[in-house]
Amino acid sequence: MSLIQSQPLELPEQTAAVHMALYSSVINASDLFQRLVARDTSLQMALLNAETIMDPFQIMVAAHRAARAEQLGQLRTHNVHSELVFDLSPNNNIREALTRFGISSGSTHVLAVRVGGSQEQFAQEIAEIVEGRQEPIEQLSKYTNMETVRKYYKVPANLKSPEDVQHSVIGSMALKGHS
Amino acid sequence: MAELIQQGAEAKVFALSFYGRDAIAKERFPKTYRHPILDKKLTARRVVQEARCLFRCQQAGIDTPTVYFIDTNLNTIYMERIEGRTVKSFLIEHSGNPALVDDLAHKIGKALAALHGINIIHGDLTTSNLFIRDSNQSLVLIDFGLSYHSSLIEDKAVDLYVLERAFLSTHPNSEVMFEKIVQVYTKKSRDGKQIFAKLEDVTVKEPCHK
Ligand SMILES: Nc1ncnc2c1ncn2[C@@H]1O[C@H](COP(=O)(O)OP(=O)(O)O)[C@@H](O)[C@H]1O
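Chains A and B supply the protein sequences, listed in that same order.
Going by numbering that gives the first Met the number 0, the first sequence opens with residue 0, and the numbers climb by one from there.
Going by numbering that gives the first Met the number 0, the second sequence opens with residue 0, and the numbers climb by one from there.
Please keep in mind that the hints were generated in silico from the structure rather than gathered at the bench.
All C-beta atoms, glycine included, are put in the ideal place defined by N, C-alpha and C.
Please note that the accuracy of each hint is not assured.
Unchecked claim - Beyond 12 Å from chain A on every Cβ pair, some chain B residues (computed): (1) Glu2; (2) Leu99; (3) Thr126; (4) Lys192.
What the hints assert, rightly or not - Below, simulated DSBU-like cross-link-like pairs (lysine-lysine); rule was C-alpha separation at most 30 Å, straight line: (5) Lys175/A <-> Lys30/B; (6) Lys186/B <-> Lys159/A; (7) Lys159/A <-> Lys109/B; (8) Lys187/B <-> Lys106/B; (9) Lys159/A <-> Lys187/B; (10) Lys30/B <-> Lys87/B; (11) Lys192/B <-> Lys109/B.
Excised from the complex, chain A in its bound form (with noise of 0.2 Å):
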């Protein structure tokens, strides 16, 4: 039984799925941060530093704007998978969301997500790209760093329980650019 959880995408006229892999104790990042900022084509997914990553939602606001912009024509970066992981920046520098949201060298928990396509067409590509232990992805919170994810998106102090830094992560996300 495959660890990926998939989900379709709310978009109208749009019945593509996001699938989600974690990854913990991943041993190539380095490499496949090589290879992104060397826009390798064969990566077509989104790799991630999980440590900045609350819950699945989190991943679907992202990738519901991304596609949404894709469908509009209105993507800011390359394809709708770097936008992905600009969307999850609460600011619009572009630069600063793929250092912080996106995999770099020394990762080792990593959620690779993929927007479209099959589950098993990901499942396969994912187990020759990420060396790693894959994990359900109801272990992600175990890797969440709150620190990083308050620092990341400005998380008032006065805002202290998960659900309520949940509401202000997500908030911040959906506000990027409108504020």
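The hints should help you fit chain B with the ligand onto chain A, whose structure is shown.
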């Protein structure tokens, strides 16, 4: 899948699910009698302003629906759907229970002081735009469709005045409750006393404007 729950003059409100969460989609449409291009811009600006006010409240710890997504192309805000009931329906059921009413007045006064403390004027305070969350009985402010930023005492007083009118017209014998709200508000607000004085002013003057 989306269920239309309100068709207003300026917005349609749908209940739907957004990636597994109960959500509301609020779609604004242009007022047709204005200039079409100007209209489009104004509508888009209102949508963003509403979302911005919601977000600023949330960041300040004021309970408001979380914004999930702004679709600028469709002038639609997707936001958290509050599982709860309106203050209006709560008061219709519990107006005879002083302890419950007093507790609620306290929550409302406190929330409005916090709202005005960050210089947001709600613009449409009614007992239908105040919710009580089922999960924790928290007071939630909704419908920021007419909200704006202002630090003026006068704007804050008018905001309270609008609520007072809503209270007195919808809920018989709610004078005591509204007084309690204002009392808590005045105590918790930076400019509470001045706003209260202005409110008295507005209230007294009002009949002449009719
Ligand atoms: N976030 C929400 N959670 C629950 N119900 C909501 C929410 N937003 C709106 N509603 C319901 O829809 C109605 C209309 O929404 P509102 O934002 O007040 O639109 P309008 O500005 O057109 O009056 C509200 O009175 C309320 O019953």
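Results for each hint:
1. With a minimum CB-CB distance of about 15 Å to chain A, Glu2/B clears the 12 Å threshold, and the non-interface call stands.
2. Taking the minimum C-beta to C-beta distance to chain A, about 25 Å, the non-interface status of Leu99/B holds against the 12 Å cut.
3. Listed as a non-interface residue, Thr126/B keeps its Cβ farther than 12 Å from every Cβ of chain A; the least gap is roughly 25 Å.
4. Residue-level check passed: Lys192/B sits 25 Å from the nearest beta carbon of chain A, beyond 12 Å.
5. This hinted pair checks out: Lys175/A and Lys30/B have alpha carbons roughly 27 Å apart, not beyond 30 Å.
6. For the hint pairing Lys186/B with Lys159/A, the CA-to-CA distance comes to about 25 Å; that is within 30 Å, so the pair holds.
7. Our distance criterion of 30 Å between C-alpha atoms is met by Lys159/A and Lys109/B, whose separation comes to about 19 Å.
8. A threshold of 30 Å between alpha carbons decides the hint, and for Lys187/B with Lys106/B the separation of about 11 Å falls inside it, so the pair holds.
9. The hinted pair formed by Lys159/A and Lys187/B meets the criterion: a straight-line CA distance of about 22 Å does not exceed 30 Å.
10. Restraint check for Lys30/B and Lys87/B: satisfied, since their Cα atoms lie roughly 29 Å apart, inside the 30 Å limit.
11. Distance restraint check for Lys192/B and Lys109/B: the Cα-Cα separation of roughly 15 Å lies within the 30 Å cut-off, and the hinted pair is therefore satisfied.
In this structure, every one of the numbered hints holds.
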